[in-house]
Each structure stands twice: as structure tokens, then as C-alpha cells.
Amino acid sequence: MAAQTGERAAPPPLARSRRRGGPSSRPTVLLLALAAISLMLVDVRGGATVQLRAVAAALGGPVQEWADATIGAVRVVPQGRQDAAAAQQEAAELRRRNNELTLQVDRLEQQLRADAGGDALPTPLRTLPATVVAAGPGYGRTTLTLDVGSSDGVAEDTAVIAGGAVVGRILLAGPTTSTVQLITDPDSRVAVRLRGSRETALAAGTADPNSITLQLFDALVDVVPGERVVTVGSPNGRPFPAGLTIGTVSGVSGSVGSLQRTVRMQPAADVTALDRVLVLLPTGDAARASGAVQ
Amino acid sequence: MTPRQWQYFVMGALVVGAVILQGVVVARVPLPGPPLGLVLAVVIAVGLGGGSNAGAVAGFTGGVLLDLLPPAQTTLGVTALVLLLAGALAGRVPDPRGLAPAQLAAVAGGLSAAAWVTAQALFWVLGDPVAPVSWFFIYVAGTTLLCLVVVPAATWAIRRIGIGHRRRRRTRRPTPAGPRP
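For the record, the sequence lines run as chains A and B. Numbering follows the working numbering, in which position 183 of the first sequence is assigned residue number 183; successive positions increment by one, without gaps. Numbering follows the working numbering, in which position 17 of the second sequence is assigned residue number 17; successive positions increment by one, without gaps.
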């Protein structure tokens, strides 16, 4: 008993070695710091880290999927998603929104057909449902991991939508998972159009999930808060098809024509509470997805 | 396994588990501001419980995993450098077993603030996206509170498991000859 009491009071081996040899930790710290700095230099110079990230996505993606499925029952998620009834309700809502989106795409195709005089039809779009399994773990929430990858037909530079609005694009498509760059990412740039005035602008992310800066091409145009903002569209609809809602003008500071004028947009979807999303795929890619898109 | 090996195993499991939870759970909590630093809290715990070497290794490992695993897109090595420094500094706190909650909060607050500033400075230098300045206070306050829960639990696990295995091993040894008083 006395021996046990003595052992209980004794410090653990690692703590004892630290107290004895505090300065001896310096070589290890210096070595690891040099290794970290070397990794930075290699990554900045565009070395083999691309392949390293691809390997990490191939290995880490399934682990994240497994962890998400395992922890799913107890994890902290937005309210209303913790019981089966809420999940079913959400699934029904998603199906409804999906139908609405399909109709919206059809209407846009008709509108573009009319604008183009009957030719230059946009490529028909298909959607691929996906679940968010992880979010950017670092100092921002501007990237996501989805549980679908290239084996499901996902290709890079395709749009991701939620709640009927664009939320980002596929940045990296791994075998079973893919990485999404949200429109709030500071590196994100989306060509957009003000729905009312039809003026074009560039939507630049600021890392703030509630605010995106609109860089107007015409500084003299009058912008009204509340105006809906839609995508201009990209060639072949990648990454963004034309006419999809992305947000609404939330505020304008400065006067018309002023160089200091700032126009801010509120994203239409809550990008901090994404759980299930849709990946938009052009028909060509959907066909190559061997039916997984249906 | 020796007690020390058990402690290394527990530390590794804590770091890997924290990395996975950071992306799957913590980063998805719909709260304003940046995700709280669960991995940083575990690295601080490893530093306090295992010393500078263990803290640095845990920080480097956790940082590399955070930089590599999807959907991370920041420059590889930045988080590794920040966390290894935090772990090494935590390992140099004198008398880590006798820390009062207020002292632990001071250590966690100081390290999380230093980690945030260092990371943002490196991001700025490297051209990576820099977080809004207002997030600094949210991150430091939230991570400090998280540390008050995570650090005692993690350090308890690190110490307890090592000691528990050592005790079980030693009880199997023959008792010394001679009657006990």
C-alpha cells in the first residue's frame, strides 16, 4: 500500500524527463521547425505537395466519412437535424427544392434560348446529391469536404448549390470525396449580375460568412440593397451556369462614382450550416458518371 | 508496453482523434467566427503532461495532418510550425500539475493568442487568406474555454494510463523478503 501511494505521488516518466532536461528539447523543436519551414517552401514552390494532398484526400476522405457517420448521431449540428423526423422533413424539403431548381434551370434555358435567337443552347444540367462530412479545420470555414468524388462523377470546377443558391465550386475531386471552395473564401471570385439593373460585378469572398464584396465594373451604377444577385455564367456552364441565385445586396457604403464605394452581398444560403448540398454536373460528365448521378 | 510507450500511444491517439474531430465536428458548429482550436488544446495538454519534446512532436504531427487532410487548402507546414511552437512552449510551463484553473486559462489564452497571431502573420507573408481581425477575440476566448475542459481531461488520460500500466506491472513482481512493519 505504501509502495502504491508512493507511485501515485511520483510524476510520470515524461514529465520527469522534461524537468531534468528542459534545454535538451531544443534540438527536437529546432529540427521540427526546420521541417515545417521546409514543407512551406516546397508547397509555395509548387513541389510534390500536390501529390501529397491527393494522397491525403484519398486516405483521409474515407476516414472523415467514417467519422462523420459514426459521430453523426451525437455531433452538434444545426437545430432540427438531430432526430429522424427532422431528417425526413429536411429530405422532403430538399427534394422539393431540387424540383424547383430543375424547373428554374428549364426556365433559364428557355430564356437563354429566346435571348440567343433559338441557338446556342446551354448544356443541360444534372445534379448529384452530396453530404458535407467535414469543414475547413483551420482558421476559417471556407472549404468543405463532400462524400462524393470522381468515382461518383464529380469533376473539378463544377458548381455546388444548397437551398437553391450557389454556395461554391468543386476545387479538388478525390476518388471518394471532394473539396468545395465556398463563395465566402477570400480566394473565391464569381462573375455575377444584379438581377434588376443587369449590371455585372465580381463577387469576392472575405472569409466572413455573411458578407461578400461586390466589385462593380461600372462605378456609376446605382445599387439598391435587397437586389437579387445571380451568376453571369461560365463557358459550358463550368464552374457556374448562368442565372443561378447567389445572394442579395445587403449594403452599400459610399456615394455613386466614389472610388471608396463598397457594395456588400449576403449569400442566399447559410454557408456555416451546410449539411446536404447538390453538385451540378453538365450532361457530358453526368453520362460518364455511369449512372451514379441519377 | 512500457508506461512511457503507453503514454506516447495515448498522446498519438489524442492528437489524431482531435484532428478528425476538428474537421468533422468542431469546424461545423454553426457559431460565428473561426472554428475553435481543439487540436491546439490537445497539443497544449500533451505539452503540459509530457514536456516540450512531446508537445513539439504532437504539435508538428497534428499541424501537418490539419494542413494535409481535406478540405484544408492553406500552405502546408504553417499549422505544423504554429502548433509545434505552442506544444514546446506549453512543455516549459513550470509545475504543470499544480496549475489552478485561472493559471491554466492564462496559459491557454496566451498560447492561443500567440498561435493565432503567428498563423495569420505567416498566412499574410505567404499570400494565403487572412481571417478578419475581429475573429481573434472569438478564437482566443473560445479556445481558452475549450482548453479548460479538454486540457485537464487529456492530461489526466496521459498520466493516468501510464501510471496505471506501471502499477499493474509492478504488482506482479515478487514482494521483497522480510516482514512488513
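Quick caveat, the hints were computed from the structure, so don't treat them as lab data. Just so you know, not all the hints are guaranteed correct.
Every beta carbon over 12 Å from chain A, so not counted as near; a handful from chain B, in silico [unchecked claim]:
{"#": "1", "residue": "G23"}
{"#": "2", "residue": "G91"}
{"#": "3", "residue": "Q103"}
{"#": "4", "residue": "G109"}
{"#": "5", "residue": "G110"}
Now the in silico label distances, taken between C-beta atoms and shown as ranges [what the hints assert, rightly or not]:
{"#": "6", "chain 1": "A", "residue 1": "R26", "chain 2": "B", "residue 2": "L148", "range": "26 to 34 Å"}
{"#": "7", "chain 1": "B", "residue 1": "Q5", "chain 2": "A", "residue 2": "D187", "range": "25 to 33 Å"}
{"#": "8", "chain 1": "B", "residue 1": "A100", "chain 2": "A", "residue 2": "A87", "range": "24 to 32 Å"}
Beta carbons are placed, not taken as given, at the ideal position from N, Cα and C, and that holds for glycine.
Hints, verified against the model:
no. : hint                          : result
1   : G23                           : 4 Å, violated
2   : G91                           : 6 Å, violated
3   : Q103                          : 17 Å, holds
4   : G109                          : 17 Å, holds
5   : G110                          : 18 Å, holds
6   : A:R26 with B:L148: 26 to 34 Å : 29 Å, holds
7   : B:Q5 with A:D187: 25 to 33 Å  : 43 Å, violated
8   : B:A100 with A:A87: 24 to 32 Å : 44 Å, violated
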